[in-house]
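A.B. asks: Each chain, written out:
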Amino acid sequence: MKTGVQKIVEKYGKDKTRLMDILIDVQSEFGFIPREITVQIADDLGMSEVDVDQTISFYHFFSQRPTGKYHIFLNNSAVAYMMGRKEVADTFTKELGINFNEVTPDGLVGLFETSCIGMNDQEPAAIINNRIFTKLTPFRAKEIVRDIKEGKDIDDMIVADYGDGENRSDLIKSVVTNNIRKIGPILERNHKPGQAIEKISKMTPEQVIDEVKRSNIRGRGGAGFPTGMKWEFCRNAPGEKKYIFCNADEGEPGTFKDRVVLTERARLLFEGMVIAGYAVGATEGILYIRHEYKYLQTYLESILKAARDVNYLGKNILGKKGFNFDIRIQFGAGAYVCGEESALIESAEGKRGEPRDRPPFPVEKGYLDMPTVVNNVETLCAVVKVILNGGEWYKSFGTTESTGTKLLSISGDCKFPGVYEVEWGFSINDILDMVGAHNEEVQAVQVGGPSGAIIASNEFNRILGYEDLATGGSLIIIGKNRDILTDIVLNFTEFFIEESCGSCSTCRIIPTLLKNKLVKILNARGVKQDIDDMVEWGKILKASRCGLGQTAANPILSSIKNFRPLYEEKIQKNKVFDSGFDMNAAVKESCEVTGRVPNI
Amino acid sequence: MSKPIVATTSLAGCFGCHMSVLDIDDRILELIELVEFNKSPIDDIKKFSKKCDIGLIEGGCCNSENIHVLKDFRENCRILVSVGECAIMGGLPAMRNGIAIQECLEEAYVNGPTVVSNEEVIFPNDPELPMLLDRVYPCHEIVKIDYFLPGCPPRADLIWEALVALVTGDEMKLPYEVVKFD
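Sequences listed follow chains S and L, in order.
The first sequence begins at 1 in our numbering and counts up by one.
The second sequence begins at 1001 in our numbering and counts up by one.
Take the hints with a grain of salt, since some may be wrong.
When the alpha-carbon atoms are kept at most 25 Å apart in a straight line, the in silico DSS-like pairs for lysine-lysine are as follows [unchecked claim]:
1) L/Lys1173 / S/Lys573
2) S/Lys415 / S/Lys321
3) S/Lys517 / L/Lys1071
4) S/Lys199 / S/Lys173
5) S/Lys321 / S/Lys199
6) L/Lys1071 / S/Lys588
7) S/Lys7 / S/Lys192
8) L/Lys1144 / S/Lys570
9) L/Lys1144 / S/Lys520
10) S/Lys528 / L/Lys1180
11) S/Lys517 / L/Lys1047
Rather than coming from a laboratory, the hints here were simulated on the basis of the structure.
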């Protein structure tokens, strides 16, 4: 064990900023990270034990106790439940004879919950030993357990056919399907890799930034900061080295567009990173990908290698002296908050993914305190087309405020879940038509994932764009038969509780209080004051440091705003106060332990 | 006009808040001019003999008895005040929250350093005993609480000022020194 760990640490040059990679390799080799390994890593890297510990304990996919030879992480997102997750979960627990968060006594299988894994268009889905299993059914769950008990190799457990496109390639071999439903100018198939790199090699970095500025493209991650401006800030910031980060940590439940881009348009993305590097004066790019997409690693590495072979990456790119740029892939280890750019940088430095205080912004002081641009996958892809076709061309798509197109990840109650590339300016009604969801069968649409808003049919004429409904691209369609409060709002609130980094007391505490209120209302013990409290307390979250904390009350606040009757019909009309306390439930545990019959 | 009636109790607390009440020193003479006491450890009245105006609650709720007493107070007092950290947040006793009851009882009755011998692993289970709750609850999670006096314990001056303000209806004086906790 000792030499194994030493090898891993040496593989990363005993560099403590590569702690994430070290831990990912250790976790994958030993199935967990035991105490003695933590101590050894700390010694080898010259760090304190607690510093290693705090990184380990922060991430969902690191474990300090054995997770079993086979570890099943079953997604618990709202859409997974809509698609029959409960029955699948019940089958797993029954067949394995363990509850979630437990390992079978023989150490063979561990069963765990996990937040949205980016497969909302093919739920219920699970990650088993880093392989993705989609569209699970109770029958399939039984099969999987049987295969595991027979000791089958994980690759042989994929009995159904592989997915479409590159998912079938030898380097991926996954059952995941792309579900690309609508192709626009960014996703179009005819892109010839390297074209844009050739073009910029004849331009100055300033010209590249000007072209991007001319396109008015704004960041596709959700916040919508103008990309050209970001690049310019970074270019002008003093620093001996600069970095380009591509944020592929899409963890917002309901988002999966990056998965599809990484699978089918990775060359385009890498080209976008090269362009950003050239414009900013950066020589190193880091593609930060969520751990859930680890199954794409070999494939992506092979594309990077191919790009190096033809000198689209490396030193003196295309013979241009001083045009140096290379890309490495950094995996996360399961933490939604790492999608926030400063948390992502912290994570890439091997630390807990806690958002930083700002200013300074990453463009001034980012990765290793050097000027850093963090761009979304989609933004970097779009930039390639902007360079090839010009900023004016790009502006011909979308609206004045929101130029270009947007990749939407659409899931939930519709006929055609998947990725759609549409121009900004589409209304929700247009989209419902497009995805095969009849307006009259739709109760609500969750725009922008849990941190966005849940809207009712009277707002379906609103349009997608920074001027109206800004979105990172996740749309979840909620049918008439769904119970919004239980199926959606409660699930999303639990998601925020699970994913809080715990740094700000607001985000650490209030979502739990809000959840308790919501559960009380669902248990028919609520009163009007509870609704008022939730609205008031929700506002306090705005004091949190990052977007996760600031939006953690959105599922509750936006559903109260747009679906208030759902709350009102559940509260007690004849009472002004009810604490919700239940004596029977409160004494149950102690009576069981002491062998008493409760007498209340 | 008859004097306002005050009741007090200590639930899962340490009686420190009651001690703090006594810390008002000679103002206790003014106090008995100002109010009449009913159910309270101060005068040892065990049961409410009439409806009260103000109930002062020390301590949170750790067992079924605490719940009954607190509900009794709510029924018999017009205004209920949570006095001190334990009543407001559960306080020190709430440190057991998050630890399984089995473990708590084992620590107290089997493995604790003061346990002489309990090889049969017997936990107190007489039906007369209050039943432990799954966790220690702050009072406002059980009944409606009207006011909160923070502190561990709240300073005598704070309790005095609050009581006088409640009784006279005057605005309460809350200088910084009375509510700072560092």
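A.B. asks: All the hints need checking, so say for each whether the structure fits it.
C.D. replies: So, going through the hints one by one against the coordinates:
no. : hint                 : result
1   : L/Lys1173 / S/Lys573 : violated, 38 Å
2   : S/Lys415 / S/Lys321  : violated, 52 Å
3   : S/Lys517 / L/Lys1071 : holds, 21 Å
4   : S/Lys199 / S/Lys173  : violated, 35 Å
5   : S/Lys321 / S/Lys199  : holds, 15 Å
6   : L/Lys1071 / S/Lys588 : holds, 20 Å
7   : S/Lys7 / S/Lys192    : violated, 40 Å
8   : L/Lys1144 / S/Lys570 : holds, 21 Å
9   : L/Lys1144 / S/Lys520 : holds, 16 Å
10  : S/Lys528 / L/Lys1180 : violated, 34 Å
11  : S/Lys517 / L/Lys1047 : violated, 34 Å
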